[in-house]
Amino acid sequence: MLNELGVKSIEELLTIIPKELRFNRPLNLPRPFQSEFELKTHVEKLLSKNRTCKEYLNFLGGGCWQHYVPAVVDEIIRRAEFVTAYAGNTYSDLGKWQTFFEFQSMMGELLDMEAVSLPTFDWASAAGFAVRMASRISGRNELLIPRTISPERLSVIENFCQPKSAVGHITVESVEYDHRTGLLSIEDLKDKISQRTAAVYFENPSYLGFIESQGEAISQVAHKNGAECIVGVDPISLGILEPPANYGADIVCGEIQPLGIHMNYGGGTGGFIATRDEPKYISEYPTQLVSIADTVNGEGFGFGYCTHERTLYAVREKGKDFTGTTVGLWTIAAAVYLTLMGANGIKEIGEEIIQRSHYAAKLLSEIKGVKIAFTPHFFKEFIVIFEEKSKTTREVNKSLLKRGVLGGKDISTEFPELGESSLYCVTEVHTKEDLERLASSLEEAIR
Amino acid sequence: MTRESKRKLGLIVNPISGMGGSVGLKGTDGEKILKKAIELGAKPTSPSRAIEALNEVLPIKNHIELITYPRDMGEAEAQACGFEPKVIGTLEEGETSPEDTRDAARAMLRSEVDLILFVGGDGTARDIQEVIGDKLPVLGVPAGVKIHSGVFAINPRSAGLLAVAYLQDKLSTQESEVMDIDEEAFRHNRVSAKLYGYLRVPYENQMIQGTKTGSAASEKGDIQSIAWEIIDDMEDDYLYVIGPGTTTKAIMRQLGLKYALLGVDAIRQKRLVASDVNEKQLLALVEKNKTKIIVTVIGGQGHIFGRGNQQISSRVIEKVGKDNIVIIATENKIATLRGRPLLVDTDSPEVNKLLKGYSRIVTGYGKYIMYRVA
Amino acid sequence: MNRRSELRRYHAHVWDEPIVMQMGQKGERGMMLAEVEDAIKRTVGEAASYIPQNMQRKGQPRLPEMSQPHVLRHYLRLSQETLGMAFNIDIGMGTCTMKYSPQVNEELVRLPGFADLHPYQDEETVQGILEIIYHFARFMSEISGMKEFTFQPGGGAHGIYTNACMIREYHKTNGELDRNEIISTLFSHPADAACPATAGFKIITLYPDPETGLPNIEALKAAVSKHTAGFMVTNPEDTGIFNPSINEFVDIIHEAGGLCSYDQANSNALFGIARAKEAGFDMCHFNIHKAFSSPHGCMGPACGAVGVAEALSEYLPVPIVTYDGSRYHLDYNRPNSIGKVRAFLGNIETVVRAYAWIMSMGSEGLRQVSETAIINTNYLIRKISDVPGVSMAYPKQRIRLDQVRFSLEKLKEDTGVDTDDVARRIVDFGVQEYFTSHHPWVVPEPFLPEPCDTYSKEDIDYWVNIIRRISEEAYKNPEIIRTAPHNQPISKIKVEALNDPSKWALTWRAYLRKHKREN
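In order, the protein sequence lines correspond to chains D, G and L. Take 0 as the starting number for the first sequence in numbering that gives the first Met the number 0 and just add one per residue. Take 0 as the starting number for the second sequence in numbering that gives the first Met the number 0 and just add one per residue. Take 0 as the starting number for the third sequence in numbering that gives the first Met the number 0 and just add one per residue.
Rather than coming from a laboratory, the hints here were simulated on the basis of the structure. Glycine included, each C-beta is placed from N, C-alpha and C at the ideal position. Do not take every clue at face value.
What the hints assert, rightly or not - Every beta carbon over 12 angstroms from chain L, so not counted as near; a handful from chain D, in silico:
#1 N23
#2 S47
#3 D187
#4 L339
#5 T391
#6 L417
#7 E443
What the hints assert, rightly or not - Once the Cα atoms are required to be at most 25 angstroms apart in a straight line, the calculated DSS-like pairs of lysine-lysine come out as:
#8 G:K169 <-> L:K40
#9 L:K475 <-> L:K502
#10 D:K370 <-> L:K40
#11 G:K169 <-> L:K513
#12 G:K7 <-> G:K85
#13 G:K5 <-> L:K40
#14 L:K411 <-> G:K169
#15 D:K346 <-> L:K25
#16 D:K18 <-> L:K220
#17 D:K346 <-> L:K40
#18 L:K502 <-> L:K515
#19 D:K279 <-> L:K502
#20 G:K355 <-> L:K220
#21 D:K279 <-> L:K513
#22 D:K279 <-> L:K493
#23 G:K291 <-> L:K513
#24 L:K171 <-> G:K291
#25 D:K39 <-> D:K53
#26 G:K289 <-> L:K225
#27 D:K18 <-> L:K395
#28 G:K289 <-> G:K219
#29 L:K276 <-> D:K18
#30 L:K225 <-> G:K355
#31 G:K5 <-> L:K493
#32 L:K225 <-> G:K321
#33 L:K382 <-> D:K7
#34 G:K60 <-> L:K493
#35 L:K491 <-> G:K60
#36 G:K269 <-> G:K321
#37 D:K279 <-> G:K219
#38 G:K355 <-> G:K257
#39 G:K352 <-> L:K220
#40 G:K289 <-> G:K257
So that you can see chain D by itself, here it is in the shape it has in the complex (with noise of 0.2 angstroms):
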């Protein structure tokens, strides 16, 4: 091929490189693996160090949590066509893209709402796109949220809130709640909102595990003011508990990562955002919208991006904030996840998860020196706080690892308030077994 181009070596071609431009020694990398056998053994050892969630009791939750991912999820993100496909249009890639329209089909349903766009990263991303959407539509600049916020959701947040010193800087203020009951304070609410507000957003189920029932009254407030109503939810939780729509949420984002996705140390994630079929909110989506369309030859449907003209990728700095590569992928396995639940698995699913970690949460309680907090109204994690004080939740943990289990997180940094406590997730893999595991586990380690 040198030949073909007339050059003697690859040198001549790099001449557009100026000299001083130029790496001039070998990379410093480690001697590779000739062999496919040889890599293989090398990356399996360096895994083999680590202790997964299959080999430990795993009760960690606080935005990625253990579900069971079905067989045949899996065995369609692996198929080569999906694992390896990209930005191809609807007439090669016409199976992605009808994956992608059934899986907002699906959502839709789930949310009872008519717009819902491509996931992005994650769940934080998908509510900072969402306040900065809320932002434009209203032309405010300021934010309401819960004290119970999710910390790491209000850091990604306020990293799109933009400092102080730039324009479009969104101000972020919290909102108390009632230490008994975890509910948000509408008190609080009413006194703090303003013709500044853009938006009000909650989440529901809570971060620390409650579920919000004043929906309705923190959405009037919201709109009695002006303000958008922004709701991010868990949608596994949704076969259950009412969607954000029909108690006045005006957009609604949350995380596909319970959809039969694997964790994958919190790799498995994907945020989606879902509003009215409307053009004020749906030209302010920064996502990817997919649309169906009518063919010329009138057989079968084809699909596009709709309102293109929104993203950067038509108009470059003009458009919505950004998207790029999200997570494809993550899309198809929760749209193959929802079909196989189908209406009835997934009310199922949200049953079975309440029942489940009620349970644990009543043998927990049973023990000396453990409180639950804001029980009983909660989903599929709670807060479990040490009342001893004689150790700290680090040294429970610890204790419990010891034992082959993973406690909950430890929230005692991020709310002081609550003591030593610590976040616990149960769901559909915890069999009455494992749960009166961590009972006896938990008595011994906080003696």
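Assemble chains G and L onto chain D, guided by the hints.
Just chains G and L now, with coordinates in the frame of chain D:
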């Protein structure tokens, strides 16, 4: 086409356009010049250009109604091409005149055509603009020596294809300048262009992939964003001179002020100081105030000074200074330049050189580009 | 006739699958759950008793009710109607670097030792994955010359956004709040403009010189001011042209007090050849799902690995993986960090794959990757040069690095066939459509192939032959291209619906409502 009734295409041909060029004359306006051209052996070129454009429209012949004026103002060309046009209006024997073009335009308006396709030059565009304004979309097939307006397609074939795409609802329209050179001045080698107004012209939005349906909303949105950017940056102790053009006048509209679309206005502290000023008045204002000049790109060739805004003369520019000149334009408009630089053509070579180099152009809210000015 | 030079009789799968919402039967289930144990039921009772009355879902979500084999069948069919890179000569998709993703890496990320890890697990229990992340960061440092890396951003644009946030924080820390402008170039990726805009900056884009396709340095000089916060640029640019004065550009920005961020999405041709550090950049990002072999996954999950020079390390998002000589740690104690740009540590599965890839390549292997990519690109230019109607944008720039922008302007003038038509026709020959260009289309009727390192000479010849065939068709029988595609699951779609609020539909329920259909 999904409509029950057929789309109507109005065709107006100016048969004497372009005759001047072939014999070295600068246009054929006015009987004297036309006579001279014919004496010199000039042959009409419009008819062949009309046919070239119409050939591209043939494939949708049966889906549209072609309405045109008698004889060589459209009827002959349409028939030669294979159409069966509906002929409206009356035409006297002898050479055609600008009044005939205007009559034809009025007739098209009454017939409620969906698009007027005309064959001619700047003069023809001007005549049509006088009658049509922004009431109907218009597209020009270039066939004259003077092609400065932004209402023409690149060539007759493109014009035909654009017309088809527009009639098939695939395109939207954009306001484009109708310019004409002052003929008397031009023949005495003095260039003096005048902006006569705007026509709505179908265009292919190069900004949008695949669909080629840039919504008129996005162009409006861009112009709006630019206006906001300028207004937000306005300082109280400056006088702002707002040049002609729809992009610049959006600033006036946003502020709720009266303005002269084709003229120069002056504002201060967001209030109108003077409207439609001439050079003398402008100089007087600029002497007494710290000033910023806001101009946009005028005409298909990319002029920021020298076409349509001569009131902002070299003397005014010199007084105000290069640093206080703000150029605004949508990226759409810049794309039509195809990489050619912006042009400055005042009567002072020194002032022209002043602006040479790279200038910042405001293209949206918080958005700028660096572009070459020749 | 030489079989190898003929074009195949390709035809795409046509399953004519209904939308899943139209499928299934009431009562069918794809997945059964475990029975809740009696003891639990007896102890806690009904789930509904724990949900406040007003929060209990009233209606049932109308999800499809399908049996498992039907679900499997439906999605397997849809997968067959998707043209993955593994199936075709995916040279057309320029800037995407559609290279081979080693199959063994898929096996690695599916191991429970990775897939079943929770991001909040005690450090003690995840030493293996932390070791991989740490070593991969060291590899990236060597490859780029940057000191420290984060893998939190979920894609290239996200990486650019992270860099913009750090630029913002840096100037804020130095009290320079006036610095609110970012400069970029027209042929850099649009994200180099959109992401800093989201971060609050005003954006100045340098338009290219029509001869060189690169911005003139005078334009940059005219653009800098006391408001300059930084410069975010892709090099080589999306045209495939490398800016030889890039270090001069960087110097001008530094003199003006700004930072320089290098968008290395087009890094496939630079391994071991040129680095961000030597050009003077302060920060950079790489697309791990492009040059680093992690597969594209139908648009993600991906990773925009961000690297910074020592002076900027303190601003990186938390946590960073550190090593104390015996154990790996997650360092959250970074007071000047910009916080987080997403939850957890990022799409670590891409890091595992890229780690494995580098461990199988080594220094020489990486160098070979880039050399092959450069040779392939320039070979393609040579081969395509005699195809009628095709011209290379900015022809004075004869050598391109990893991808090259062409124009079909002549083809359009001669035949009326434009680049969107050809993009629809090319898939009829069993290759993925090509990428045209980001917007605006300064190069008219563009297309942008990227042969990268995976494709062989025969592959490139085959692809060019397809373009040649389409060119022939355009001159003889343009209608076949204008009405393409012809052997795909569907015919041309009516694009007008996508921009019409009364016609677009993002969900099946919206479609039924707007088009007044029964399900």
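Hint by hint, here is what the structure shows:
1. Once the 12 angstroms rule is applied to beta carbons, D:N23 is inconsistent with being away from chain L; the minimum gap is 9 angstroms.
2. Here D:S47 does not stay apart from chain L, with its beta-carbon only about 6 angstroms from theirs, under the 12 angstroms limit.
3. At roughly 20 angstroms from the closest C-beta of chain L, the C-beta of D:D187 stays outside 12 angstroms, upholding its exclusion from the interface.
4. Distance to chain L contradicts D:L339 as a non-interface residue, since its nearest Cβ pair spans about 3 angstroms, not more than 12 angstroms.
5. A cut-off of 12 angstroms between C-beta atoms confirms that D:T391 is not in contact with chain L; the least separation is 14 angstroms.
6. Consistency note on D:L417: stated as away from chain L, and its beta-carbon is indeed over 12 angstroms from all of that chain's, at 17 angstroms minimum.
7. No beta-carbon of chain L is positioned within 12 angstroms of the beta-carbon of D:E443; the least distance is around 18 angstroms.
8. For a cut-off of 25 angstroms, the pair hint linking G:K169 to L:K40 is broken: about 62 angstroms separates their Cα positions.
9. Restraint check: the Cα-Cα separation between L:K475 and L:K502 comes to about 37 angstroms, which exceeds 25 angstroms; the hinted pair is violated.
10. With a C-alpha separation of about 22 angstroms, the suggested pair D:K370 and L:K40 falls inside the 25 angstroms cut-off, and the hint holds.
11. Between G:K169 and L:K513, the direct Cα distance comes to roughly 21 angstroms. Compliance with the 25 angstroms bound is thereby established for this hinted pair.
12. Distance check on the hinted pair: G:K7 and G:K85 sit about 10 angstroms apart at the alpha-carbon level, within 25 angstroms; holds.
13. With a C-alpha separation of about 70 angstroms, the suggested pair G:K5 and L:K40 falls outside the 25 angstroms cut-off, and the hint is violated.
14. Restraint check for L:K411 and G:K169: satisfied, since their Cα atoms lie roughly 18 angstroms apart, inside the 25 angstroms limit.
15. Restraint check for D:K346 and L:K25: the C-alpha separation of about 15 angstroms stays at or below 25 angstroms, so the hint holds.
16. Distance check on the hinted pair: D:K18 and L:K220 sit about 24 angstroms apart at the alpha-carbon level, within 25 angstroms; holds.
17. Proximity of D:K346 to L:K40 is assessed by CA-CA distance (about 16 angstroms); at most 25 angstroms being required, the pair is judged to hold.
18. With a C-alpha separation of about 11 angstroms, the suggested pairing of L:K502 with L:K515 holds against the 25 angstroms cut-off.
19. Between D:K279 and L:K502 the CA atoms are separated by roughly 16 angstroms; this keeps the pair inside 25 angstroms, and the hint holds.
20. Proposed proximity of G:K355 and L:K220 is supported: the alpha carbons are some 14 angstroms apart, at most 25 angstroms.
21. For the suggested pair D:K279 and L:K513, the alpha carbons sit about 18 angstroms apart, so the restraint of at most 25 angstroms is met.
22. Restraint check for D:K279 and L:K493: the C-alpha separation of about 24 angstroms stays at or below 25 angstroms, so the hint holds.
23. Note on G:K291 and L:K513: the hinted pairing is violated, with a Cα-Cα distance of about 51 angstroms set against a maximum of 25 angstroms.
24. Pair hint L:K171 plus G:K291 does not hold up; C-alpha atoms about 31 angstroms apart against a cutoff of 25 angstroms.
25. Proximity of D:K39 to D:K53 is assessed by CA-CA distance (about 21 angstroms); at most 25 angstroms being required, the pair is judged to hold.
26. Proposed proximity of G:K289 and L:K225 is supported: the alpha carbons are some 22 angstroms apart, at most 25 angstroms.
27. Straight-line distance between C-alpha atoms of D:K18 and L:K395 comes to about 21 angstroms, which keeps the hinted pair within the 25 angstroms bound.
28. The suggested pairing of G:K289 with G:K219 is violated, with an alpha-carbon distance near 31 angstroms, which exceeds 25 angstroms.
29. Annotation: proposed proximity of L:K276 to D:K18 holds, straight-line Cα distance about 14 angstroms (limit 25 angstroms).
30. A threshold of 25 angstroms between alpha carbons decides the hint, and for L:K225 with G:K355 the separation of about 22 angstroms falls inside it, so the pair holds.
31. For a cut-off of 25 angstroms, the pair hint linking G:K5 to L:K493 stands: about 20 angstroms separates their Cα positions.
32. Under the criterion of a C-alpha separation no larger than 25 angstroms, the hint pairing L:K225 with G:K321 is consistent with the structure, at around 18 angstroms.
33. Of the pairs offered as hints, the one joining L:K382 and D:K7 holds, with about 18 angstroms between alpha carbons and a cut-off of 25 angstroms not exceeded.
34. Using a Cα cut-off of 25 angstroms, the hinted pair G:K60 and L:K493 holds, with the two alpha carbons roughly 22 angstroms apart.
35. For the suggested pair L:K491 and G:K60, the alpha carbons sit about 23 angstroms apart, so the restraint of at most 25 angstroms is met.
36. The hinted pair formed by G:K269 and G:K321 meets the criterion: a straight-line CA distance of about 22 angstroms does not exceed 25 angstroms.
37. The hinted pair formed by D:K279 and G:K219 meets the criterion: a straight-line CA distance of about 16 angstroms does not exceed 25 angstroms.
38. Only pairs whose Cα atoms come within 25 angstroms are accepted, and G:K355 paired with G:K257 is rejected, the gap being roughly 33 angstroms.
39. Distance restraint check for G:K352 and L:K220: the Cα-Cα separation of roughly 18 angstroms lies within the 25 angstroms cut-off, and the hinted pair is therefore satisfied.
40. Between G:K289 and G:K257 the CA atoms are separated by roughly 22 angstroms; this keeps the pair inside 25 angstroms, and the hint holds.
Comparing the model with each numbered hint stated earlier shows that hints 1, 2, 4, 8, 9, 13, 23, 24, 28 and 38 do not hold.
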